[in-house]
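Q: All chains should be built: construct the whole structure from the sequences, respecting the hints.
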Amino acid sequence: MPMIRLTVPTDALTDQGRATIQRDLAAVLLRWEGAPDTAFFRAQAWSYLTELPEGAQKTAEDDAPRFLVEVTVPQGALSERRRAGLVEEATATVLAAAGLSRDEALRVWVLVHEQPEGTWGAGGSVVRHADLVALAKGQRTDA
8 MPMIRLTVPT
18 DALTDQGRAT
28 IQRDLAAVLL
38 RWEGAPDTAF
48 FRAQAWSYLT
58 ELPEGAQKTA
68 EDDAPRFLVE
78 VTVPQGALSE
88 RRRAGLVEEA
98 TATVLAAAGL
108 SRDEALRVWV
118 LVHEQPEGTW
128 GAGGSVVRHA
138 DLVALAKGQR
148 TDA
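Everything in the sequence shown is counted per our numbering, starting at 8 for the first residue and increasing by one.
These aren't lab readings, by the way, just hints derived from the structure by calculation.
Treat the hints with caution; some may be incorrect.
Taking CB as the label site, the calculated pair distances span [to be verified]:
| # | residue 1 | residue 2 | range |
| --- | --- | --- | --- |
| 1 | Y55 | A99 | 13 to 23 Å |
| 2 | D110 | E58 | 21 to 31 Å |
| 3 | T21 | A137 | 33 to 43 Å |
| 4 | D22 | P60 | 12 to 22 Å |
| 5 | P123 | L75 | 20 to 30 Å |
| 6 | R135 | D22 | 39 to 49 Å |
| 7 | T21 | G131 | 34 to 44 Å |
| 8 | S86 | A46 | 18 to 28 Å |
| 9 | A71 | E124 | 33 to 43 Å |
| 10 | R30 | S108 | 20 to 30 Å |
| 11 | W116 | R88 | 15 to 25 Å |
| 12 | S132 | L75 | 27 to 37 Å |
Yeah, the Cβ is synthetic: ideal placement off N, Cα and C, and Gly gets one too.
A: As structure tokens, this is what we get:
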């Protein structure tokens, strides 16, 4: 049950990028998490877009837009390989949505937050990683 949040300065994304970025990032996250491509798991991949007002984001060097992708997943959901793939693909997805080249990749930061076991709740109950794995195995469409 992942969550992804993209924080960007207002007008930093192209019109097309703004229209698709949330679903695109959610799909990237689900793919690297290894979740099945089912309606249930897609509905649980929450994606937020936070647009900052003009002037709210700067660096000590310039005012070029920077992009912050924050990913929250249950602890143990991502191996090192999956985490690296997620970071790479999320970065490419944001660059495309902003109309930027790969040369601008350092303007995208991806922070992966792993939620410790027993600290994620949904539907009034604590959600455990093992329960999600079992649920995913039961919903696999590619098995």
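Q: Does the Cβ distance between S86 and A46 fall inside 18 to 28 Å?
A: holds, 26 Å
Q: Note whether the CB distance of R135 and D22 lies within 39 to 49 Å or breaks it.
A: holds, 41 Å
Q: Does the Cβ pair S132, L75 satisfy 27 to 37 Å?
A: holds, 30 Å
Q: If you check the beta carbons of D110 and E58, does the distance land in 21 to 31 Å?
A: Between D110 and E58, where Cβ atoms are some 24 Å apart, the hint holds.
Q: For the range 34 to 44 Å, tell me whether the beta carbons of T21 and G131 fit it or not.
A: holds, 40 Å
Q: Just to be sure I understand the hint, the distance between the Cβ atoms of R30 and S108 should be within 20 to 30 Å; is that true here?
A: Between R30 and S108, where Cβ atoms are some 23 Å apart, the hint holds.
Q: If I claimed the Cβ atoms of W116 and R88 lie 15 to 25 Å apart, would that claim hold in this structure?
A: holds, 20 Å
Q: Can you let me know if the beta-carbon spacing of A71 and E124 is within 33 to 43 Å?
A: holds, 39 Å
Q: Go ahead and decide if the range 12 to 22 Å is satisfied by the Cβ distance of D22 to P60.
A: Holds, since D22 and P60 (Cβ atoms, about 19 Å apart) stay within the stated range.
Q: Range hint 13 to 23 Å: satisfied by the CB atoms of Y55 and A99?
A: Holds: the Cβ-Cβ distance is about 20 Å, inside 13 to 23 Å.
Q: Taking 33 to 43 Å as the stated bounds, is the beta-carbon spacing between T21 and A137 within them?
A: holds, 41 Å
Q: Taking the CB of P123 and the CB of L75, does the distance hold inside 20 to 30 Å?
A: Given a distance of about 22 Å, which is inside 20 to 30 Å, the answer is holds.
The earlier numbered hints are all upheld by this structure, with none contradicted.
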